[in-house]
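S.K.: Chains A and B are the protein sequences, given in the same order.
Residues 1 to 115 (the numbering used here) make up the first sequence, in order.
Residues 1 to 113 (the numbering used here) make up the second sequence, in order.
Bear in mind the hints are in silico, worked out from the structure with no lab data behind them.
Take the hints with a grain of salt, since some may be wrong.
Claimed, not checked - Simulated crosslink set (BS3-like; lysine-lysine; CA at most 25 Å straight-line):
1. A:K44 to B:K42
2. B:K71 to B:K42
3. B:K37 to B:K100
4. B:K68 to B:K57
5. B:K42 to B:K100
6. B:K22 to A:K44
7. B:K100 to A:K44
8. B:K42 to B:K68
9. B:K68 to A:K38
10. B:K37 to A:K17
11. B:K71 to B:K22
12. A:K17 to A:K38
13. B:K22 to B:K42
14. B:K68 to B:K37
15. B:K58 to B:K68
16. A:K38 to B:K42
17. A:K38 to B:K37
18. A:K44 to A:K17
19. B:K100 to A:K52
20. B:K22 to B:K58
21. B:K22 to B:K68
22. B:K57 to B:K71
23. B:K22 to B:K57
24. A:K44 to B:K58
25. A:K38 to B:K22
As the list claims (entries may be wrong) - Taking CB as the label site, the calculated pair distances span:
26. A:S40 to B:G1: 35 to 41 Å
27. B:N3 to A:P61: 20 to 26 Å
28. B:G16 to A:S22: 40 to 46 Å
29. A:R95 to B:E39: 20 to 26 Å
30. B:R108 to A:S22: 28 to 34 Å
31. B:K68 to A:N28: 28 to 34 Å
Note that the Cβ used here is the ideal one computed from N, Cα and C, for glycine as well.
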Amino acid sequence: DAMVIQNPRYQVTQFGKPVTLSCSQTLNHNVMYWYQQKSSQAPKLLFHYYDKDFNNEADTPDNFQSRRPNTSFCFLDIRSPGLGDAAMYLCATSRGGAVTYNEQFFGPGTRLTVL
Amino acid sequence: GENVEQHPSTLSVQEGDSAVIKCTYSDSASNYFPWYKQELGKGPQLIIDIRSNVGEKKDQRIAVTLNKTAKHFSLHITETQPEDSAVYFCAALPNFGNEKLTFGTGTRLTIIP
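Just chain A, with the same shape it has in the complex (with noise of 0.2 Å):
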């Protein structure tokens, strides 16, 4: 089946220590989203890679990063992680293009400790 696939679906990490998340897609989408998520809040969109193009939000911290070595797969790396980036991340998808409703399927998403 066709899908977002994020690994690991738990992390657990010391204060400080470099983390990163995977992303995988089956759906051969354009679009990759990476979503902060606190506890009862909702997603919080930190960036987003149209194909190749990165694009990050204005208010997106600076220990935060992304790559996209191809197609499928996106990772987020936080540098130094402090105990206010422990949460939930999500990692989505979309067709994209300038004609298309951009419906978004998301992945598990994965929880990040941090200790």
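Could you slot chain B onto chain A? The hints should help.
M.R.: Coordinates of chain B only, in the frame set by chain A:
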């Protein structure tokens, strides 16, 4: 930018009754309005969506209505079941070709058996 407000933040409904969740948006150029259901520990799942050229859409027990003039849209769930318990988010797409959704703040729906 677009702003989406969602009400209520929590909703408890007796099993078998109907549930209604309402959202308003600010940008009259928004033209796509999805609804997501998020169960505990899972990612949001699209359950229904509506385009700006349509006033109502139904899918079995779920329906969405859109009032473009008033800039609000609503989710209706009929004959609610325990598995409908989840957090529901509305969202709006601000511009045609813009890939970024603006989410509402979410509604925690609890179905009481």
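S.K.: Next, verify each hint and record whether it holds.
M.R.: Structure-based check of all given hints:
no., hint, result
1, A:K44 to B:K42, "16 Å, holds"
2, B:K71 to B:K42, "30 Å, violated"
3, B:K37 to B:K100, "18 Å, holds"
4, B:K68 to B:K57, "14 Å, holds"
5, B:K42 to B:K100, "21 Å, holds"
6, B:K22 to A:K44, "20 Å, holds"
7, B:K100 to A:K44, "11 Å, holds"
8, B:K42 to B:K68, "32 Å, violated"
9, B:K68 to A:K38, "31 Å, violated"
10, B:K37 to A:K17, "33 Å, violated"
11, B:K71 to B:K22, "11 Å, holds"
12, A:K17 to A:K38, "20 Å, holds"
13, B:K22 to B:K42, "23 Å, holds"
14, B:K68 to B:K37, "23 Å, holds"
15, B:K58 to B:K68, "18 Å, holds"
16, A:K38 to B:K42, "13 Å, holds"
17, A:K38 to B:K37, "16 Å, holds"
18, A:K44 to A:K17, "23 Å, holds"
19, B:K100 to A:K52, "16 Å, holds"
20, B:K22 to B:K58, "16 Å, holds"
21, B:K22 to B:K68, "14 Å, holds"
22, B:K57 to B:K71, "16 Å, holds"
23, B:K22 to B:K57, "15 Å, holds"
24, A:K44 to B:K58, "28 Å, violated"
25, A:K38 to B:K22, "22 Å, holds"
26, A:S40 to B:G1: 35 to 41 Å, "23 Å, violated"
27, B:N3 to A:P61: 20 to 26 Å, "23 Å, holds"
28, B:G16 to A:S22: 40 to 46 Å, "42 Å, holds"
29, A:R95 to B:E39: 20 to 26 Å, "25 Å, holds"
30, B:R108 to A:S22: 28 to 34 Å, "30 Å, holds"
31, B:K68 to A:N28: 28 to 34 Å, "33 Å, holds"
Hint compliance for this structure: hints 2, 8, 9, 10, 24, 26 are not met, and every other hint is.
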